[in-house]
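Peer 1: Line by line, the protein sequences give chains D and X.
Using my numbering, the letters of the first sequence map in sequence onto residues 1 to 115.
Using my numbering, the letters of the second sequence map in sequence onto residues 116 to 230.
It is worth saying that the hints were derived from the structure and are not from the lab.
All residues carry an ideal CB built from backbone N, CA and C; glycine is no exception.
One or more of the hints may lead you astray.
Stated by the list, open to error - Listed next, the stretches of chain D that the computed footprint assigns to chain X, with coverage defined by at least 3 CB atoms under 8 Å from CB atoms of chain X:
| hint | region |
| --- | --- |
| 1 | 14-28 |
| 2 | 68-76 |
What the hints assert, rightly or not - In silico DSSO-like cross-links for lysine-lysine, where the CA-CA straight-line distance does not exceed 27 Å:
| hint | chain 1 | residue 1 | chain 2 | residue 2 |
| --- | --- | --- | --- | --- |
| 3 | X | 137 | X | 217 |
| 4 | X | 217 | X | 173 |
| 5 | X | 137 | X | 152 |
| 6 | X | 157 | X | 183 |
| 7 | D | 9 | X | 186 |
| 8 | X | 152 | X | 217 |
| 9 | X | 183 | X | 152 |
| 10 | X | 173 | D | 14 |
| 11 | X | 173 | X | 186 |
| 12 | X | 217 | D | 9 |
| 13 | X | 152 | D | 9 |
| 14 | X | 137 | X | 186 |
Each chain, written out:
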Amino acid sequence: NAGVTQTPKFQVLKTGQSMTLQCAQDMNHEYMSWYRQDPGMGLRLIHYSVGAGITDQGEVPNGYNVSRSTTEDFPLRLLSAAPSQTSVYFCASRPLDRFGNYGYTFGSGTRLTVV
Amino acid sequence: GENVEQHPSTLSVQEGDSAVIKCTYSDSASNYFPWYKQELGKRPQLIIDIRSNVGEKKDQRIAVTLNKTAKHFSLHITETQPEDSAVYFCAEGRIYTGTASKLTFGTGTRLQVTL
């Protein structure tokens with residue numbers, strides 16, 4: 001049971017490049033989400049999904065795309081990287097509540113720098 | 116939309132003293148209030164949570180209190196230890212049995228426990 005696995009751990013992109021941040025969980029969690037963490041701004045929600053085939057926008061979705069073709073995977077795509085997207089990205093998951101378990105499990109994060 | 120204000124942004128206490136972090140939320144429909152701890156370079160981890168039908172919850176040295184009327188909730192850490200040094204995030208969301216909801220996070224409090 002690996003929990004939530006994010007790859008890569010570090011990435012440097014040039015402005016305008018595209019890339020995909022990977023997130024996979026092996027806990028059969030229905031709910032998955034992507035957050036970005038910037039100094040002094042906490043964790044801001046980018047996109048989230050409540051199950052395969054269902055996604056929705058969070059607080060800061062511009063410049064990012066997601067898809068959810070399986071329960072396990074929730075990749076985050078940067079369409080055309082900009083310096084403002086330099087951040088630490090966290091993927092998190094949790095099960096739809098059935099027994100009072102609401103806690104998120106976070107991945108270890110991806111530190112992205114756009115130059 | 117949802118908004119969470121968290122104070123203070125930094126907090127320094129001596130070992131053995133108590134620490135209190137406060138959050139204020141705006142969405143009266145919110146009914147779930149977790150707290151996460153993030154050590155330097157690590158992922159956020161859930162340390163305690165509370166639902167709106169409970170006014171206080173304790174787990175050893177940590178406790179959370181909720182005032183629904185005033186729309187604020189607080190994290191209390193007693194007998195602080197150096198390993199309590201970390202960034203703490205509050206969050207709020209809506210939880211209903213069988214569903215999931217997004218969480219909105221506060222901007223974080225950096226707690227430093229000095230010897």
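Peer 1: Can you confirm whether chain X covers the region 68-76 of chain D, using C-beta to C-beta distances below 8 Å and requiring at least three such residues?
Peer 2: Coverage by chain X is violated for the region 68-76 of chain D (0 residues, Cβ < 8 Å).
Peer 1: Are the Cα atoms of residue 137(X) and residue 152(X) separated by 27 Å or less?
Peer 2: Since the Cα atoms of residue 137(X) and residue 152(X) sit roughly 14 Å apart, the hinted pair holds (cutoff 27 Å).
Peer 1: Starting from residue 217(X), check that the Cα of residue 9(D) is at most 27 Å away, please.
Peer 2: holds, 24 Å
Peer 1: Taking 27 Å as the top limit, are the C-alpha atoms of residue 217(X) and residue 173(X) close enough?
Peer 2: Holds, because 24 Å separates the two Cα atoms, which is no more than 27 Å.
Peer 1: Between residue 137(X) and residue 186(X), does the CA-CA distance stay at or below 27 Å?
Peer 2: At roughly 11 Å apart (the allowed maximum being 27 Å), residue 186(X) and residue 137(X) satisfy the hint.
Peer 1: Given the hinted pair residue 173(X) and residue 186(X), is their Cα-Cα distance within 27 Å?
Peer 2: holds, 19 Å
Peer 1: Hey, residue 137(X) versus residue 217(X), does the alpha-carbon distance stay inside 27 Å?
Peer 2: Within the cut-off at roughly 21 Å; holds.
Peer 1: For the pair supplied as a hint, residue 183(X) and residue 152(X), is the alpha-carbon distance within the 27 Å limit?
Peer 2: Within the cut-off at roughly 23 Å; holds.
Peer 1: Would you mind confirming whether the straight-line C-alpha gap from residue 152(X) to residue 217(X) stays at or under 27 Å?
Peer 2: Roughly 18 Å between the alpha carbons, so the hint for residue 152(X) and residue 217(X) holds.
Peer 1: Taking a Cβ-Cβ distance under 8 Å as contact, does the region 14-28 of chain D have three or more residues in contact with chain X?
Peer 2: violated (count 0)
Peer 1: Holds or violated: are the alpha carbons of residue 157(X) and residue 183(X) at most 27 Å from each other?
Peer 2: violated, 32 Å
Peer 1: Quickly compare the C-alpha distance for residue 152(X) and residue 9(D) to 27 Å and report which way the hint goes.
Peer 2: holds, 20 Å
Checked against the numbered hints above, the structure breaks hints 1, 2, 6, 7 and 10 and satisfies the rest.
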